[in-house]
Amino acid sequence: NAGVTQTPKFQVLKTGQSMTLQCAQDMNHEYMSWYRQDPGMGLRLIHYSVGAGITDQGEVPNGYNVSRSTTEDFPLRLLSAAPSQTSVYFCASSYSGGHAEKLFFGSGTQLSVL
Amino acid sequence: QQPVQSPQAVILREGEDAVINCSSSKALYSVHWYRQKHGEAPVFLMILLKGGEQKGHDKISASFNEKKQQSSLYLTASQLSYSGTYFCGTEWGNEKLTFGTGTRLTIIP
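Quick note, the sequences are listed as chains A and B, same order. Counting from 20, one number per residue, gives the positions in the first sequence under this note's numbering. Counting from 19, one number per residue, gives the positions in the second sequence under this note's numbering.
Just so you know, these hints were derived from the structure itself, not from any lab. Some hints could be false.
Listed below are the simulated DSSO-like cross-link pairs for lysine-lysine, each with C-alpha atoms no more than 27 Å apart in a straight line [claimed, not checked]:
1. 44/B - 114/B
2. 85/B - 121/A
3. 44/B - 121/A
4. 86/B - 121/A
5. 85/B - 55/B
6. 28/A - 44/B
7. 68/B - 121/A
8. 114/B - 55/B
9. 68/B - 86/B
10. 44/B - 33/A
Examples of chain A residues toward chain B, derived with CB under 10 Å [stated by the list, open to error]:
11. 67
12. 75
13. 96
14. 116
Where is the CB? At the ideal position from N, CA and C, for every residue including glycine.
All chains, please: the whole structure from these sequences, using the hints.
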């Protein structure tokens with residue numbers, strides 16, 4: 020049982036480049052989300068989805084796009100990377116997203132934008 | 019708006035107790051607690067739902083005071099394995115889990 024799988028684990032980009040961080044879960048979870056983690060800032064919600072075809076913004080959505088075409092996958096797109104997007108990115112999922120559901124986190128993607 | 023955690027960091031000797039607090043400026047539906055080891059993903063500890071309940075998990079327990087909009091995590095007789103950063107996450111009925119900035123706990127032998 021793989022749980023939540025994120026790829027790649029590490030990535031270096033140049034300013035202005037685009038890329039997609041992949042996230043897949045095999046637990047049939049309806050709720051998926053993306054967080055970024057910066058020193059001293061904790062985990063900040065970027066975007067989330069309560070089911071296929073439904074996405075919404077979190078606290079820090081600017082510069083990021085998401086889509087949810089299947090229950091299993093929730094990719095995060097950086098259209099034009101900026102140094103301020105250097106961070107560790109975590110994908111997380113839960114069964115339904117309700118307030119009583121625990122989150123399962125992926126192992127993270129460390130992104131550096133030069 | 020992120021919940022406020024205190025203290026930001028604490029150093030304990032093995033066997034000592036610790037309390038980590040989490041406060042929200044808005045009414046809470048639930049509070050989540052997670053622990054993150056360095057270089058790893060956060061791992062779920064427990065969820066408390068509104069209703070003022072207290073939950074336990076081995077020697078780690080937590081309380082949730084709905085009126086005060088705050089939760090506390092209690093670690094008793096701390097072990098070396100308890101080291102890490104603890105995050106509270108608050109949910110206000112909108113399906114968004116918002117995390118605090120974390121409390122770094124260091125346990126020394």
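Structure-based check of each hint:
| no. | hint | result |
| --- | --- | --- |
| 1 | 44/B - 114/B | 13 Å, holds |
| 2 | 85/B - 121/A | 23 Å, holds |
| 3 | 44/B - 121/A | 21 Å, holds |
| 4 | 86/B - 121/A | 23 Å, holds |
| 5 | 85/B - 55/B | 32 Å, violated |
| 6 | 28/A - 44/B | 36 Å, violated |
| 7 | 68/B - 121/A | 15 Å, holds |
| 8 | 114/B - 55/B | 23 Å, holds |
| 9 | 68/B - 86/B | 11 Å, holds |
| 10 | 44/B - 33/A | 40 Å, violated |
| 11 | 67 | 7 Å, holds |
| 12 | 75 | 8 Å, holds |
| 13 | 96 | 20 Å, violated |
| 14 | 116 | 5 Å, holds |
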